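Dock chain X against the given chain G, drawing on the hints supplied.
2 protein chains.
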Amino acid sequence: MLDEFYIEELVKKKFPLKSASFPTGIGDDAAVFKIKSDKIVFSCDSQVEGVHFDLRFLTPEQLAFRALSVALSDLCAMGAKPRFFSNSLFLPRKTSKVFIDRLFKGFRNGCKYYDVDLIGGNVSKSESLALDVSVVGEVLNDRFKERNGSRVGDLIYVTGNIGDASLGLDLLKEKKRFTLKEKLIISKYKSPRAKVEIGLFLGQLEFLTSMIDITDGLSLDLRRLLGPISSRRGATLTWEDIPKTDCTLPPVSQNKLITSVMNGGDDYELLFTIKKKRAKHFEYLCKRNNFKVFRIGSVNSSATLSLIKGGRVRNLKPQGFVHKF
Amino acid sequence: MLDEFYIEELVKKKFPLKSASFPTGIGDDAAVFKIKSDKIVFSCDSQVEGVHFDLRFLTPEQLAFRALSVALSDLCAMGAKPRFFSNSLFLPRKTSKVFIDRLFKGFRNGCKYYDVDLIGGNVSKSESLALDVSVVGEVLNDRFKERNGSRVGDLIYVTGNIGDASLGLDLLKEKKRFTLKEKLIISKYKSPRAKVEIGLFLGQLEFLTSMIDITDGLSLDLRRLLGPISSRRGATLTWEDIPKTDCTLPPVSQNKLITSVMNGGDDYELLFTIKKKRAKHFEYLCKRNNFKVFRIGSVNSSATLSLIKGGRVRNLKPQGFVHKF
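Line order of the protein sequences matches chains G and X. Just so you know, we're using my numbering here: the first sequence kicks off at 1 and counts up by one. Just so you know, we're using my numbering here: the second sequence kicks off at 1 and counts up by one.
Next up, chain G with everything else stripped away, as it sits in the complex:
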């Protein structure tokens, strides 16, 4: 039978021992780690079965890797460098050792992929399976980015396709067999990647005025990025400029595509604003560094969001995934 000692031993065996930046190693009451920067970045993110994920669609390895990616994405949104993470696990009765082995394999894959160390965790019995991942990063050169720094006239950019993850999840729910194109979209849902490298690059640019990651939907997270309505900041996006999957792809109707792109979550692309005067230089820098960015709109003083599609302007409601109780 699985108990907490099994997990303790597994972690001690499979995760790195003491290192220069992590002198205690795993297994004490708390972890001691070293960070050279005096500014530390912290975030936490939970994944609950039946709310955030469905085990029919994710392997335990994917679940763990995904939970880590989602949490690290918040550090990327600040332009910070990921360094450490912890995992609090809430496990239902009859969780098997095999499941735990595979879950920690996923975390190990995450450690390698993102070059981060597991520094602690916790395990509890619970009704439903849940993971709470806390992440610690560092600020480089004393520079980090926040939401809420944009000014009227700034240009709005994203780092990649919007809506794919949401469409991917829909495909998983609807079908059993997939084309190659569909599989690519599905992988955006199953295996999102935190945008570490481009996040670090963007975090150092003094003319980048605000940044967020798209977790709950483009329109909702754009509203968060612009700040409260009282700031009077609004934005206009151009549909044709938003990077998205080939919309002729069946079985995606045009309406569904709009909903997925505007309100679908789970993309973990970065959304940010750049001073207009520096846009040309910015795009040149991105090209030179091989970073893909897409200009999708601009900040205005309307306090509202609008979308231009086919030359027609429509009102855009900030909608997306919201926890209600």
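FYI, nobody ran anything at the bench for these hints, they're computed from the structure. There could be a bad hint or two in this list.
The list treats identical chains as interchangeable, and a pair is accepted whether it falls inside one copy or across any two copies.
[Claimed, not checked] Only pairs whose alpha carbons sit at most 25 angstroms apart, straight line, appear in this in silico DSS-like list of lysine-lysine:
#: 1; residue 1: 12; residue 2: 324
#: 2; residue 1: 112; residue 2: 12
#: 3; residue 1: 81; residue 2: 39
#: 4; residue 1: 39; residue 2: 94
The structure displayed is predicted, hence computed values, not measured ones.
Same frame as chain G, now just chain X:
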């Protein structure tokens, strides 16, 4: 109806804004905080309804304060100074706004009591109510303590009564009306205090060889403190030296008292070892600084635990609270 925006607004309203050591304030993707020490201490701890707590016995304020205390206790066990915390909340359907208000009142009380800042959190729907609290502290003067540093001959100490919390919980389950003495014991269960001041004092002593906090039971945590059986380290405790509640107190039988003291958890007292040669000096320092400590035994090379009671030696099994699935 309660949704995540309500909680976001509540936190923004009730918790401190930006400060010198927390320049981003609450509400961004991640928190940026400053710590002068280059060594940072991190831990996380979860509380799940039906596993760790019962809402018949704790108010929402007590639940939050307790969850924070329990998590901070791990920093105290390292001799570190608590600075920041985050709370991930897992909330069942129909959680009320009043419950959330009271829960955050408890966290606010904790902020004041421990002089720590809330730097982030997360909220998710879930089957069962659960809280995952992550805590960040700093190492002072480059000194911190770990488990597993004791040597044969070292003396074993605790900082206060053992078994009270477990007896308190039993009383809550058995009775409805309590004597003053019983109320005191119950408060040890309901409102444990992380041992911040004495933890910091102990953390600076070079002759303190190992430290842990008692969360799952004296015998189990003593075994953890001594390290694996392969270390060959064992210990002998003397029953009469262990600080505990007045055992004549009804309805506590002698056997129940032994079980509570040896295997009962939730006390959050510190358990540590001191080099024998320095014990006298150590006890003098404690007296001078008004810190209460109790010598309860010593480390030997037997690889096992024993208890001397009334002059008779008995074998002591490392038992306590263990999560099984």
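We went through each hint and held it up to the structure:
no. : hint        : in the structure
1   : 12 with 324 : between (38 angstroms within a copy, 19 angstroms between copies)
2   : 112 with 12 : within (17 angstroms within a copy, 36 angstroms between copies)
3   : 81 with 39  : both (11 angstroms within a copy, 17 angstroms between copies)
4   : 39 with 94  : neither (42 angstroms within a copy, 39 angstroms between copies)
Hint compliance for this structure: hint 4 is the single one not met.
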